[in-house]
Structures are given as C-alpha cells and as structure tokens.
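Residue numbers (this note's numbering), protein chains in the order written: chain A, 1 to 115; chain B, 116 to 528.
Keep in mind the hints are simulated off the structure, nothing from the lab.
Just so it is clear, CB atoms sit at the ideal spot from N, CA and C, and this is done for glycine as well.
Each hint should be verified, as a subset may be incorrect.
To be verified - Short, incomplete list of chain A residues facing chain B, as computed with Cβ under 8 Å: (1) GLY16; (2) PHE60; (3) GLU67; (4) PRO69; (5) LEU70; (6) HIS71; (7) ALA72; (8) LEU85; (9) PRO86; (10) THR88.
What the hints assert, rightly or not - Partner residues are not named here, just some residues of chain B that face chain A (Cβ under 7 Å, in silico): (11) PHE175; (12) VAL176; (13) MET417; (14) GLY495; (15) ARG499.
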Amino acid sequence: MSDPINIGSVDDIPPGEARVLDGDDNSTGVDISVFHAEDGSFYALDDECTHEEASLADGFIEDSQVECPLHAAAFCLKTGKALCLPATENARTHRVEVRDGELYLYPGEPATTQA
Amino acid sequence: MESVIVVGGGLGGFTAVQQLRGRGFAGRIAVVDPEGVPYDRPPLSKEFLAGSIDAEQLLFVEPHWFAERGVDVYAAAATAVDLPDAEDDDGRVAVTLSDGGRLTADRIVFATGGKPRALPVPGGDLDSLLVLRTRADAEKLRAGLVPGARLAVIGGGLIGAEAASAAHRLGVEVTLIDPVDPPLVPAVGPELAGRLHAMHAAAGIRVLAAAPSEISVRDGVHELAFGDGIGPVSADVVLVGIGIVPNTALAEAAGVEVDGGILTDDAQRTSHPRAWAVGDCTRPRLGDGSPGRRAEHWESAMHAGTAAAAAMLGQEPPAQTASWFWSDRHGVHVEGVGDMTAGDTTVTRADASGNVQAAFRLAAADDGHRVVGAAAVDGGVAIRVARRMIDRGTAADPARLADPAVPYKQLLK
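Let the hints inform the model, and build the full structure from the sequences given.
Have a look at this one:
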C-alpha cells in the first residue's frame, strides 16, 4: 500500500473522460487511468487493456463501464470485471477518493468493490 | 437440460461454453475440435503472422480454465451427428469422433465455422497454394515470409489486406491482386475503401486490379497468368483469401435444415429442437422465413454464442446490436459498424491531415436522418458513438456528423 497521490481537482476530468497517471509517477510502475463516470463517481484501473496493448483511458466510458478503443472489450469501472470478450482477465482496480474537491489516488490499493 | 456438446472451438463455440457456465449451467459440457483448446483467430492475419504474439497468446483462456469448470475438451473431429426424433423428449444427441469415441448429450451446438473458398481457375486447387484460416495455416504462411521472398496475395479483402501488410513489414516482396478496385466498398463505403486500398501501394506493395486466369507451379515457383495483357506474376508463396464457405455438411447429414449456411432463428435455434448453431457456419432465417445474409465477423459469432446459451437455458438473450468489425493494416486500425450498403447518403468527417477519418451512412427518416452504418480509420470513438446511434435510433444531424469541432460523444446528446 502506498500514500495517496493528489492528482488534481475533480473539475480536471470531465464526466465521461479519463486521465492517465504515468507508471513513473505512481508506485505501481504501470500506467493507471482515473475515470470520471457519468454517475459522477471516480474510478481507477490499470490503463492497459488486459487483452492487448491499448489504453483504456482512450476507451468509451458509459454508465459505469469502459469499452476498449481497439476491440471493444468492456470492463466494469467499479470492480474491474471483464464484461465481455476478447478480454477474459479482470482489470486491476485502485482506490480513488474525493476530498474537498480534490482527487486522491491510492496506487496499488484495490477499490473497495471487488470483481 | 443436463448436457451439451459443442462441435467447434472457435469464438462462437467458446462463447457458448463460457456463457453456459457464466449463466449458471452446471451440467456436462463437451467441446469437440480437432485443434483442441479454443483460440482466437483475428490475430492470425495480424499480430500472430507478424510474430509479435505467440500461439499461447492466441488462447481465449488458459487450458486449466476448462478443467476447473468441468468442461471436457476433445481434440478430435466430429465425423457424424445423430439427432433424436424431434418429438422424443428423452432422446439423446450422439456425436461420433474421428478417434473412434462417441459422446451423447441432451443438446448440440454446431459451431463448425467455415473453410476458405477455393480459387475457381485452373491451378486453383494446387496443394502449394496457401490459405489463412487456422493457426496451422498461419504458421505455414509465416514460414514462407522470409525477407526477399515473393508473395502473391489473391483477394484484397480483410484477410488479404492484413496479410499483405504484415508480410510487407517482414521484408517480403508483396503483390496484392483483386479484380475489384477498391475492395471493401460494401464494408466501409467508397471513401474509406479508396483511402485504405491506396495505403498498399504507398507502402511499396505492388497492387494489381485483375483476376488470375491460371496458376501453375514449377520448381517451387508459382506463375500467375492474367488476361488483358497483365502479368504474369511470379511468386514463391501464394495466399488465396477470397472468402469462406460455411461448414454445413455435418449438420446437413444430421437432417438439420441448411441453405447456404445452417439456418437459425434469432436465438440461434436450428430446424431441430435439440440443435443450435452459431458463427460462420450459420445463416439467419428472417422473420418471413427467407434466408438472410450470413454474418462472418468476429463479434457476431460472439453474440450468437451468447444468444444460444441464453436460449438453451430459457433466459432472455441480450438485445441485438448493429454488427461490428475491425481490421489492422499498415499501422492503422479500421472499424465498421452497421450496414454501409443501406441508407441513401454518406457524410464524411476529415481528420487533422484532411484525410477521410469517418464515413457515416444515413437513411432519411420522417424527422431527419438516422445513421445506418459507419466506418472509420483510427476512429474508435466515432464507431462506438455511431453504434449507439444506430441501436437507439438517435436522430442524426449531417452537419454535426461532418464537423470535426463537434466531439463524437456529443452526437449522442
């Protein structure tokens, strides 16, 4: 587990969009995407699709899912669960907290809801 | 229902298995495929051919997945299927295997796929002509793709274009041959078909708009003859990618209704109450009973496997969605959704370099326009938005579709 990283204000990521935190800038060493779901909540997953090399931050965010931009594998933002082929492996989640309008990412610490 | 045999371990068959278990079916499941553990085929003409992923990475799931879920995988061909009397509720389906084994179950899923269409010209049946359908096909082709080798690709569709691109990047001297110029208009529309086809020549591939009239081979070198004063073309390796023929013989011999594909309803039921069919071997039976167009794309096989599993368990199948495909060549990612041959007008949107990035096919509606098809180069979001517009019947404003200043997602609002 690691200390949270302040990744900016909630206003920095519009609803339906995502921002990537480079692996060099977080303790896990892999890129992490922070998603602003349309329900207003923030979620974080490893950025790379578990199927092939593609950035989930470039995917299509709708409801509480993200669809991979290459082959349309879908993942649950809350649990990381792989919802359809071609992905069969779940994505790793990371805890995100909102405090005083600021976003805090806990790299390597799973979100509370598990797949 | 206590047991199911799935004949064929491609995407449709694998999805049926995955969905049966995922939806709570606890009975016996057997998968029969001469190639053994199910694997994914799209990479065969892309990453696998290029050598950037290996055979293990083709697998949908690791082999232990099947054992852990009580799914028996039989690495054998099904040579015969016996279906019980349609009225006999206690009758069993029996499948005879090429290794002499015999399996019985309550239900069968035909997921027998297709086989490459042979070139209907003299020499089109030469054993040395290669096709690209299975992992073994891809390995054989790959072995011939050494720098400086001459490859003739006959057929400029998805497989041909992808294989030509991968081979070119391996240092092979490629000639891409298709009588239709440009190919793929029905899939992506003329605007993008032209842009995509031009990438071959721009990359240094020789492109011929012609059809070979005869192929001969001598001392390992093929000669492709053409009429019309073209050619001949000499090639060390010849790949034929001109489409597939559905594998229906097993189902037909079992008495299941076949007409250019195993006929299925929208829950993938065949004419026999114990038999389902999914993927490339099938052809939809439309509402009026007439046969529809066969769907050969990856995702439609996945959806069919899901629909079959749901129907076998008496569950509601997922909602239908517009058909979708992708292709990768020359470093670009192509996607298409819906039907680019339907509708009446096309609207295009350019990328920052002024190239057509996305084409939207529109049909007039009482209150404006509806998207019926779309295709894009490196435009995944455009396609995901278009798909939702098609599925939801969202009103489409042609000016906004064409305007690069309007983010695609806003078109859904």
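For this session: Mind listing which of the numbered hints don't hold for this structure, in increasing order?
Result: Nothing - there is no hint that the structure violates, so all of them hold.
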